[in-house]
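> Below are the chains, spelled out letter by letter.
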Amino acid sequence: MGNALLQYATVLMLTIFVGIEIIAKVPSILHTPLMSGSNAIHGVILVGSMLVLGSANTTPETILGFLACILATLNVVGGFVVTDRMLEMFKAKPKTAAAKKDEVAS
Amino acid sequence: MSRGTLIDLLYLVSATTFILALKGLGSPKRARMGNIIAAVGMLIAVVATFFKQVDGHNLNHVPLILIAMAIGIVVAVPTARYVRMTAMPQLVAIFNGVGGGAAALVSITEFVHIHSTRPATYVTLEVLLGVLIGTVSFSGSAIAFAKLQELMTGRPVTYPGQQILNAIFGLAGLVIIIIILVTGQTLLLWILLILAFILGIAFVLPIGGADVPVLISLLNSFTGLAVAASGFTLGSNLLIVAGTLVGASGILLTRLMSKAMGRSLSNVLFSAFGSVITAAAGGADQRPVRSGSPEDAAVLLSFASRVAIIPGYGLAVAQAQHVLRELAEELEAKGIEVFYAIHPVAGRMPGHMNVLLAEANVPYEQLLELDEANSEIQTADVALVVGANDTVNPAAKDDKTSPIYGMPIINADMAENVLFFKRSMRPGFAGIENELLYNPKTTLVFGDAKDTLTKIVAAVKAS
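From first to last, the protein sequence lines are chains A and B.
Count along the first sequence from 1, then add 299; that gives the number in this note's numbering.
Count along the second sequence from 1, then add 300; that gives the number in this note's numbering.
Some hints here could point you the wrong way.
What the hints assert, rightly or not - When the alpha-carbon atoms are kept at most 27 Å apart in a straight line, the in silico DSS-like pairs for lysine-lysine are as follows:
{"hint": "1", "chain 1": "B", "residue 1": "K697", "chain 2": "B", "residue 2": "K559"}
{"hint": "2", "chain 1": "B", "residue 1": "K697", "chain 2": "B", "residue 2": "K741"}
{"hint": "3", "chain 1": "B", "residue 1": "K750", "chain 2": "B", "residue 2": "K761"}
{"hint": "4", "chain 1": "B", "residue 1": "K634", "chain 2": "B", "residue 2": "K761"}
{"hint": "5", "chain 1": "A", "residue 1": "K324", "chain 2": "B", "residue 2": "K323"}
{"hint": "6", "chain 1": "B", "residue 1": "K634", "chain 2": "B", "residue 2": "K741"}
{"hint": "7", "chain 1": "B", "residue 1": "K559", "chain 2": "A", "residue 2": "K324"}
{"hint": "8", "chain 1": "A", "residue 1": "K324", "chain 2": "B", "residue 2": "K329"}
{"hint": "9", "chain 1": "B", "residue 1": "K755", "chain 2": "B", "residue 2": "K741"}
Stated by the list, open to error - Ranges between beta-carbon positions, derived for each pair:
{"hint": "10", "chain 1": "A", "residue 1": "L305", "chain 2": "B", "residue 2": "M333", "range": "35 to 41 Å"}
{"hint": "11", "chain 1": "A", "residue 1": "P359", "chain 2": "B", "residue 2": "G356", "range": "19 to 25 Å"}
{"hint": "12", "chain 1": "A", "residue 1": "L305", "chain 2": "B", "residue 2": "L481", "range": "17 to 23 Å"}
{"hint": "13", "chain 1": "A", "residue 1": "N356", "chain 2": "B", "residue 2": "A420", "range": "19 to 25 Å"}
{"hint": "14", "chain 1": "A", "residue 1": "N356", "chain 2": "B", "residue 2": "I501", "range": "31 to 37 Å"}
Bear in mind the hints are in silico, worked out from the structure with no lab data behind them.
Glycine included, every Cβ here is placed at the ideal spot set by N, Cα and C.
With the sequences and hints as input, model every part of the structure.
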């Protein structure tokens, strides 16, 4: 058990608190986009998949790593696109109209 | 600055964008921006990884990596872009599942890579946790997908001794992990993999369709934890930060979501709706109901001065949101005040109705959330229930035996009249009989919501 492990554990602990703190006040209409957005974020496993495929020496490792890369890409790309599509619907129409008025006024 | 340091610095930037993104996703104004920021951060991380050195040499198999990514993009983009809005929950489930699968695969691959070097016990533990959690998330999401896509029944699947059997599966997993750690018997990893797969399925089967969104949120959180575990194995701060962020915020989000349904998380996960339903569904079948034609409904609406519209999943299924808005506009032209009462869990996901109505250009100010809607609805002449059912079921207020007892509902029965659009007398998604259908205030209008609304619009115009 080296210093590295302790450093990772520190990061883990601190991040747990950040994660909880950061979404403490979310209106219920945003629950779904938030879930979908964080779904895309854990797609960062793509970086891990690239690393294992990139260091693969044997055929089984290569096959497993290749599959991991495909799945992880699905997660990242699909996650972000779906979230964006959901949030597209939240365009605040009246607000943009108000903003335009402001522009005209100034 | 060495190349390694620069890459680590870029990873730090990327991790920061994820935190900012989650923060942004919590506010309606900045949500879309937040998502884009996260996507940019992800791109930075992925590009930086191509230049990373592992085991003292450049990344191997770069062409293979690119091919894998190309396959992923070609499948994911059209799927995410063109699948119907009603199928969004399934999509999130499936994209979460593949993420869990990827995390499990990464852990396994890394284990295959290092196990000949006799890794330290804690490294093995990280791998095993990654495999266990990732696989549970993978198979659980697959079943959640099947339930939402109606490939299998949305009802809870129960069998005798289910809870005990699940507990045994869980315990067996722990025992196998301990045995592997103590004896270093790596072949058992494959048994753990199979066990985790079964555990994910067994865990999700008893959860009813209406609760699946909460479940997806929980599985999403699991995938985050699996990613964090692989981060430990690979020694990557980026994976630890991103995975833990999702894991921690996901658990909180899951609790918020079950709270919005007026239930505790353990109630959602372990109460298996089914056992109560059989008792509740029995007696109420043959009682008389009052039904009317779309023209009757049009008359009722035309003579109202305030109308509350209560949308539900059926509106999404019938794709009737545009006609509904048209009806609202016709009524407003007649000087009738219209508002929408939005239940937090109407539809198959929280916020489903907001998305749907926004798509039809319904003004945001007309959408009232639960509490406000309930105080306004008392002065409404007509409550128009379109495709909602469980969210207006008075059993949640006064039937202690009902499985949805305690869930906050929209008090449609407080309005002067209730117009209830229904395809048939079949109970709603949670499979519970709705007393509101038999209320003397209620007029049922049978038929497809879109058809019915189109006819009503025509009749209102003509009158």
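> Now look at each hint and say whether the structure bears it out.
Hint by hint, here is what the structure shows:
1. B:K697 <-> B:K559: 16 Å, holds
2. B:K697 <-> B:K741: 18 Å, holds
3. B:K750 <-> B:K761: Status holds; Cα separation ~16 Å.
4. B:K634 <-> B:K761: Distance of about 10 Å is within 27 Å: holds.
5. A:K324 <-> B:K323: 10 Å, holds
6. B:K634 <-> B:K741: 24 Å, holds
7. B:K559 <-> A:K324: 13 Å, holds
8. A:K324 <-> B:K329: Status holds; Cα separation ~14 Å.
9. B:K755 <-> B:K741: 22 Å, holds
10. A:L305 <-> B:M333: 35 to 41 Å: 36 Å, holds
11. A:P359 <-> B:G356: 19 to 25 Å: 22 Å, holds
12. A:L305 <-> B:L481: 17 to 23 Å: Cβ of A:L305 to Cβ of B:L481: about 20 Å, so the range 17 to 23 Å holds.
13. A:N356 <-> B:A420: 19 to 25 Å: 21 Å, holds
14. A:N356 <-> B:I501: 31 to 37 Å: 34 Å, holds
Of the numbered hints listed earlier, not one is contradicted by the structure.
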